[in-house]
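Once you've looked at the hints, dock chain B against the given chain A.
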Amino acid sequence: MERMPHSFLPKPSPDAELPDSRGRFGEFGGRYVPETLMAALDQLEQSYLEAKQDTAFQQELAQLLQHFVGRPSPLYHAKRLTEHCGGAQIWLKREDLNHTGAHKINNTLGQALLTRRMGKARVIAETGAGQHGVATATACAHFGIPCVIYMGEEDVRRQAPNVRAMRLMGAEICPVTSGSRTLRDAVNQAMRDWMASVEDTHYILGSVVGPHPFPLIVRDFQSVIGRETIEQSETILGRLPDLVVACVGGGSNAGGMFYPLVANTDVELVGVEAGGLDAQPGNHAASLSQGQPGVLHGSFSYVLQDEDGQTDEVHSASAGLDYPGVGPEHSHWKSTGRVSYCSVTDQEALDAFQLMCRTEGILPALESSHAVAATLKLAAQRSPEDVVVICLSGRGDKDAAEIERLLESG
Amino acid sequence: MSAIDTTFDQLRADGQVAFMPFITAGDPDLEFTADLLRALDQAGCSLIELGFPYSDPIADGPVIQESYTRALQQNVRVGDILKMVEQVTPTVQVPLVAMVSYAIIYRHGIEAFLDQSQSAGIAGLIVPDLPSDEADSLRSLCDDRDLSLIPLITPTTTPERVARILEHSRGFIYYVSIAGITGERTQLPVELADKLRQLRTQTKTPVCVGFGIRDPEQAALLTDAADGVIVGSAIVRRIGELAGENRDAALQSVVEFSQEMVDSLKRE
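Protein chains in written order, with this note's numbering: chain A, 1 to 410; chain B, 1001 to 1268.
Extracted from the complex, chain A is given alone in its bound form:
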């Protein structure tokens, strides 16, 4: 098929320059961290900006993505799901087929290369669902870097297969027993480790959250998803999709998918948050839909907190979305209106999970099932001419046991 003209490539936009030199996406972002971490953040920013211009670095990463991760991941037409839904064509960006089963590896390999470049001897990371933990353990095993993964005790329980995989690859798992024992507490504990180890340790943050430059670095490493989607859409369909849908916890798969598409305003972008049980505080994790601007984990962004600024407890059946904050660039996209954000409930995600399993023979991650659930509603209202792409950010093997438990408890 003929390559499409350049007008289909992302157009330059004012947003292409974001974040600004102070790490701001509009009013969001910044660095709200203890002074102890500031020098390391400066060093990381410097090192990343140099690496970005370094062809050898970019080539090494591209080689790894191709031969170790198995990229490009397919853009796949989900025909039976489309038929079931009875509206727009549903296509899946198959990040679930990456090595380690999710998009997280795109970022961890990039940051492991940065770790080596900065001459740091040790890596720490937080993980919720365990996908980022597995991807970090994998990248560290690949490069021979010792790593410690902080994981909430509750998540250690509900994501046992990932815990085993991390240990097999030589990672040390530190269960976190403070607070809600989930992702937010794992981030706190990883930051505390970094406070004391910052001279020789790199913190591979797994999402587009945290202090500058993490939201920039993680977005850039994940934007391979959006770039491939553009290329594949042009090749297969001869045009860009009409609608692209991705789930949002911290927002890394959505950030990577949306960023290359943001300048092309013909493409509608929808981020899907975890609506949990209902809209009561504590029963969901929909920071953009239900929260307000505030400070959490080093960044100014939408957050779920009480009137005193204390972080709310959150709930989602999906461990990877069970987070009270969101990346600052998403807050910016919400405020400019470029991306719409909605939420779906645990039950809707579970239903979508089962539908995907049975119509397509694909087990999506419970996180990605949120994007599937929202797509089913949106696609049904559109014509069969329209194309919807779901970022299928990960596979659901890790969730099978927990889903069985949830379905039985009914």
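Simulated from the structure, these hints should not be mistaken for laboratory data.
Glycine included, C-beta positions come from ideal geometry on N, C-alpha and C.
A hint or two may mislead.
[As the list claims (entries may be wrong)] Partial selection, computed: residues in chain A whose CB lies under 8 Å from chain B: (1) Arg-31; (2) Val-33; (3) Thr-36; (4) Met-38; (5) Met-191; (6) Leu-240; (7) Asp-308; (8) Gln-310; (9) Thr-336.
Relative to chain A, chain B alone:
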């Protein structure tokens, strides 16, 4: 000039070093905190640091984290803390310095928080998650109200950053003795005293040292190097161990420890 400046002017005139205990507001409840503030004032402390409990304190070790959790479990609110402070300050001579996360200040409304803190009698703020790069606007709002926004310098702060931070210092410099989180350490870095002396040659602003200091012996080694010594976890641990069952014993234990600290810092 804030009350903090006046205190350090006096200390320097007398050739003395400040002892500054840290306690968590509302641990185990605000009535105890009020009693403790009065007792610490009587015990010879020069300033008192009052921690506002926060759900996600990334600079704090387990002892202070747990004290925050205890306070938050009692549903201690920012408004209640400020009300308690307002009631106590008329009878407490020494300046109170609030240690409070920017998450709390922002959500409360920045100017409202500063106005209420000032009228309650708080003399300065330490905002551990607001590095100097983000602090310009808050500092200027604090200046308008005679509140000192206390800057932090750590072992990882580069010389360029130190110079920039000193340029805008108010009240005192909080020098963090170690790269790491709060908590008692058996050994402080050997180069600590030298680093403090070096820092004092660069600024007229008093330099206080905190993080890791746990006993009078450690503190005594710093009397010639710093203008003040801050102790948190060693005090909060005593409260955590005792206050649940025997409040008087907890109060007495903290007062005795503080008096030992004050004595160890006394200079002829």
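Exercise. Kindly indicate which numbered hints from before are broken by the structure, ordering the numbers from low to high.
Key: As far as the earlier hints go, 6 and 9 are violated by this structure, in ascending order.
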